[in-house]
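**Q** The opening residue of the sequence shown carries number 1 in this note's numbering; numbering runs sequentially from there.
To be clear, the hints were calculated from the coordinates, so they are not data collected in a lab.
No farther apart than 20 Å at their CA atoms in a straight line, the calculated lysine to aspartate or glutamate pairs in the EDC-like style are these:
| # | residue 1 | residue 2 |
| --- | --- | --- |
| 1 | K191 | E221 |
| 2 | K90 | E102 |
| 3 | K398 | E299 |
| 4 | K192 | E225 |
| 5 | K197 | E230 |
| 6 | K268 | D296 |
| 7 | K63 | D94 |
| 8 | K401 | D321 |
| 9 | K268 | D73 |
| 10 | K90 | E330 |
| 11 | K351 | D362 |
| 12 | K90 | D321 |
| 13 | K401 | D311 |
| 14 | K63 | E91 |
| 15 | K197 | E221 |
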Amino acid sequence: MFLMWSEETETSLTLFANVLFIGLQIPSKEESMKKALCFLLLGSFFWGFASITPALATEEVIKIGVVGPMTGDFASNGHSQLTGAQMKTKELNDAGGNYKIELIVEDDASNCDQSVNATTKVITRNNVAAVIGAVNSPCALAMVPITQRYETPQFTFGVGTAITQKGSKWVFRVAVGAPGQARELVNYAVKKLGQKKFAIMYADDEYGASMATGFKEALAEFKLEPVAYESYPRSDKDFTGQLTRIKNSGATAFFPTGSYTASALIAKQAQQLGLKLQLLGDTGNASPKYMELGGDAVEGTVIVEPFTVADPDPKVQAFCDKYRKMFKREPDGWVAEIYDTVGMIHAAVSKAGKTDRKVIRDYAASLKPGAPYKGILGDWYFDSVGNAAFPLYKVQIKGGKKVILER
Numbered sequence: 001m002f003l004m005w006s007e008e009t010e011t012s013l014t015l016f017a018n019v020l021f022i023g024l025q026i027p028s029k030e031e032s033m034k035k036a037l038c039f040l041l042l043g044s045f046f047w048g049f050a051s052i053t054p055a056l057a058t059e060e061v062i063k064i065g066v067v068g069p070m071t072g073d074f075a076s077n078g079h080s081q082l083t084g085a086q087m088k089t090k091e092l093n094d095a096g097g098n099y100k101i102e103l104i105v106e107d108d109a110s111n112c113d114q115s116v117n118a119t120t121k122v123i124t125r126n127n128v129a130a131v132i133g134a135v136n137s138p139c140a141l142a143m144v145p146i147t148q149r150y151e152t153p154q155f156t157f158g159v160g161t162a163i164t165q166k167g168s169k170w171v172f173r174v175a176v177g178a179p180g181q182a183r184e185l186v187n188y189a190v191k192k193l194g195q196k197k198f199a200i201m202y203a204d205d206e207y208g209a210s211m212a213t214g215f216k217e218a219l220a221e222f223k224l225e226p227v228a229y230e231s232y233p234r235s236d237k238d239f240t241g242q243l244t245r246i247k248n249s250g251a252t253a254f255f256p257t258g259s260y261t262a263s264a265l266i267a268k269q270a271q272q273l274g275l276k277l278q279l280l281g282d283t284g285n286a287s288p289k290y291m292e293l294g295g296d297a298v299e300g301t302v303i304v305e306p307f308t309v310a311d312p313d314p315k316v317q318a319f320c321d322k323y324r325k326m327f328k329r330e331p332d333g334w335v336a337e338i339y340d341t342v343g344m345i346h347a348a349v350s351k352a353g354k355t356d357r358k359v360i361r362d363y364a365a366s367l368k369p370g371a372p373y374k375g376i377l378g379d380w381y382f383d384s385v386g387n388a389a390f391p392l393y394k395v396q397i398k399g400g401k402k403v404i405l406e407r
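The whole structure should be built from the sequences, with the hints applied where relevant.
**A** And the structure:
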């Protein structure tokens, strides 16, 4: 309870203290009755005092759980997730209003068991209104039964197809899923680059398998099949065997999918083996770390992403400048996606006038082409199973920077 101090408050408390003191000095034969009366007066005074005294702070708090890899192989993505949330939270809280955002952050280190434990914790202990996470598909998928059980909206950036196919009405993907990304890449590679011989190499997890399957299905729409189709364990560091087979396949375009760390390492080893292929990348390779780790080996890669610092739009550039000033790094698609997600959650609560989990879920489900959420990603909404719909940029790495090809 917060009390607004005033001269009247001080006078009232002084008067009450005098009454209480007198009450406690009552002769012994009447002591029990008088003390009871005195303490009854004490309770009545504070009950009335609390009811007529305005609160110091009237804002309600929207608690949002942020579960992601703050450490480990996907730490750059996790940092994007966190800073995007922090940037929007600061903007909203500084603007004032009836609702403040509080972020409850948990590091899952890209370990699915830790994702499950962290999700359970923020829901049951911290009583969050929504959960944001995870950035990688296997962990996001592992979280779905937890958010469904506790009827808590989950907003994820994992693109694995299965995430939104488990029948949960509480999960939403704030990203273009694997089939959509693959279709955009294949369409561009075939129609604009004239490619026909594709090699696919994927991490054997939900993310990699979903992307590889989506790419293969997109090729089939052009009556094409991959000339090489290779997988690798997520923990592998040596890809010589797979790359040798790809080299002998006659491929002219290469789609490696997995973490940005693995994709950059694959590109470097392919270069060492003398492979000269057109590299193609999904949003996993949109991280600035892909360019940093891959160096000149990733030069020329064509990538799809929902947001790019190369967009000359003044609104986008103002966003980028503000982010750079706050965090001393370049924003990426994950930053933009979580930035918009926090804004959308706040909009849901503000519209309904209560911090209710179902209110947030219903608001997200109500977004549609004619009534989208308007954010830094543009106008976007969710389809009937919770997949976000927004356009993707096609960009190419040239001279260590991204250049827009089309949107």
